[in-house]
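*Asks:* As a plain string of letters, each chain reads:
There are 2 protein chains.
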Amino acid sequence: MHPYLIDWRDRRKGKALCVALPANVEEVSRTMKVAAEEGQPVFPLGGNTGLCYGGVPESPADDKPGIVISLQRMKQIREFDAAANIVTVDAGVILADLHEKSKPYKRQFPLYLGSEGSAQIGGLISTNAGGTGVVKYGPMRDLVCGIEVVLADGRILSDLEGLKKNNTGYDLKHLFIGAEGTLGIVTGAALRLHPENTNDAHAWVSVDSPETAVRLFTEFQDKCGPYIEAFELVSGTEIDAVVRHIDRIRVPFDTVPDWSLMIELTATDPSVDLNGIFEEVLGENLENGSVLDAFIASNAQQAEQIWHVRHSVTEANKLEGMGLVHDVAVRVSKVPAFIARAKEVTAEKFPMATPLLVNHLGDGNVHYILMFPHDYWNQLSDPEQVMHDVQSCVHDIAASFGGTFSAEHGVGRKLTDELERLCDPLRYELMIGIKKSLDPENRMNPGVLFRNLTTGC
Amino acid sequence: MHPYLIDWRDRRKGKALCVALPANVEEVSRTMKVAAEEGQPVFPLGGNTGLCYGGVPESPADDKPGIVISLQRMKQIREFDAAANIVTVDAGVILADLHEKSKPYKRQFPLYLGSEGSAQIGGLISTNAGGTGVVKYGPMRDLVCGIEVVLADGRILSDLEGLKKNNTGYDLKHLFIGAEGTLGIVTGAALRLHPENTNDAHAWVSVDSPETAVRLFTEFQDKCGPYIEAFELVSGTEIDAVVRHIDRIRVPFDTVPDWSLMIELTATDPSVDLNGIFEEVLGENLENGSVLDAFIASNAQQAEQIWHVRHSVTEANKLEGMGLVHDVAVRVSKVPAFIARAKEVTAEKFPMATPLLVNHLGDGNVHYILMFPHDYWNQLSDPEQVMHDVQSCVHDIAASFGGTFSAEHGVGRKLTDELERLCDPLRYELMIGIKKSLDPENRMNPGVLFRNLTTGC
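Protein chains in written order, with the working numbering: chain A, 64 to 520; chain B, 64 to 520.
Okay, chain A solo, but in the shape it has when bound:
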């Protein structure tokens, strides 16, 4: 049972009575009914790629360790409807497989993230996954048009038609999306497909400040909003780390820019002159001095060079030191002020740490990473406390700008304290009311999202 009890980074291990591997929704339903009869908690498990321990089974009651339900055997792609642009899938389908199987239909399912070779659709729905495509296609929430869920009592709630318009009462699917398995188990989904892109362009732009980056984002939005596929802002400190640790990195400028914008434009129409758009917008800004330099990829290899840098961030940071990653978001217009304030405060409170910034700028999502040298970190007497202090500090600054402490990673078991601390108390109370309404015995992934609910909430 071991692999079903640990988180993928092997940092936290739970326990369970048993692991169920149902092959279809009826088997999930029967398992849930047994769990209900026995009063056992249920821990849904997808691809186990979460970052907040939402997939680790930890029962609140020692005598009821609970059942892990893994969706891994539910891998059917049930139906492709290319005219309606809807694909209906089992929850256990792996994201990369769905990408692959959409190609013959000339469609894409535009959710792109690092763990796509393991992450399953059900988990991606339950955590409202994000990634690099959010600026163009939205998060998972915007890509789900219908779901099938097994409730705590084993009953099946299913609406997989995926109607674009349906105004007949409350839209329940949005409750389950992002609920991290606390309201039911997602067993199937109707997902929105998009046409394949046949046209793309890539640029690496050196800008003088986050303010300029936001202004450029607005200019690109006005000019060609629907073409923006990625709009990433990376600090020079982060690029330096990548250059230090990763092979085959080529920076197309004389020096590493203080602020790098990495931009991808895509279109379904091959006749759109995307490079022309780059030249027009960037040209004007080169003239007025806010863009310091710009590199527009002239072939696929050059494009790959740009994104190789961006995709090497995680690996480089592991080698660089002890990086404390934060996943905050503010309005895109507030990103520059947030960054300035966070740098100021953390420089004062944690002078040993260097801030590395990787931002999905188009979403206002700032991965604010405080990088401590290994030597310094290893001699700390209470590293957990420092981690906690840094986290509270960064989250508080985000909150002071109206931002969130978890943009795309979720809450899981890791951030339940932060949810209780930072969430509007009224919203927290309403969420618990909904939890009680749908799972009165608190058997669905107990301990995730809410810290203090006892069984039989």
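Bear in mind the hints are in silico, worked out from the structure with no lab data behind them.
No false leads were slipped in.
Treat identical chains as interchangeable: a pair holds within one or across any two.
Calculated lysine-lysine pairs in the DSSO-like style (CA-CA distance at most 30 Å, straight line): (1) 138 / 164; (2) 286 / 169; (3) 499 / 96; (4) 381 / 78; (5) 286 / 164.
Here the structure is a predicted model, which is why all the values come from computation and not from measurement.
Place chain B on chain A using the hints.
*Replies:* Chain B only, in chain A's frame:
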């Protein structure tokens, strides 16, 4: 009080203890607290443009007639954030005013519907309004990024940051969107703005069948999905009615087509050759014979001619006879089969009626109108019963294709029987659970959505 008690077509009149006209959210909150203390129902009222009597106050208890809360004085546009593409507004802002006030920022709020001169943002949110822009921008649900709501007990739930990413528990705003005032009163919202279009093209296409129309929709989606602003399919019977009753109608073909597609493409980028896309896609289909004829507007006046026809439908139908309108939706791929089946069944059951079809094809939304001659209708002994029979018949056919009986008009007080009859019983049960969780005394717009809840549900 009269104008606050009737529906705008003067078909149904309610009653109330009084009408409150709060000027801000605090006044709404205080009013709600008084209502809570007195055990009075509350009936929120926006622009009173609904089609299902959701704004008519009808208390379930004779001794508690309830309070109408009109949002009409709450007209502030609180903040424009052009960089974040968010506008924050009071719920009483009228849609057309928001359109007007977005122009200086070169932004659009892309919700377009007939009643935009009266409809208010709060009502549009509470009914998840649709209209002609849904195919490109989604319904109101997709345009709301934050809301402020006053709950039944007078407490204010507010999140107007409108973060693009925020994974910290259940997304409560989606419960209130489309809830038709049964869970709380929407008093403010953060809304998503889009860049203005600077480029548009218009075509009227004669096609041989709904099947061809769907195939063309797919071709346009693949070629230029993000440009499709409107994709309307209208039957020849409907165009005939418009030609008969409305002035200045010009049909650019020798005869009225059996099936007319009216298509608008728009782009923010003025350099995109939208007419070229029309010529390319339509040219191929003219050659293979599925497109019978096509008219591409070569100037604004010709474009206006096309849309004048589409926008004259309601007025023409009033003069034509007694038209029973249905607002059903199925998957776009199922529209042709639904239309064929509906025509077959209604021809047999209601031979005196002519089906007129006006479809937001891109959304799978079919306004299936059965037109009875005035003479015939006026001699019916029980027209209510016929209306009811026709409605059940059309709704049942939609349901047999997995469709909905209310795509964009909502349920209100008009379709509560249909909701109870056609809704999945489990979904209905869960909706009532949520209603009880948020409004345990059933004081929020009682009688809307749910027929049989007694006060103190």
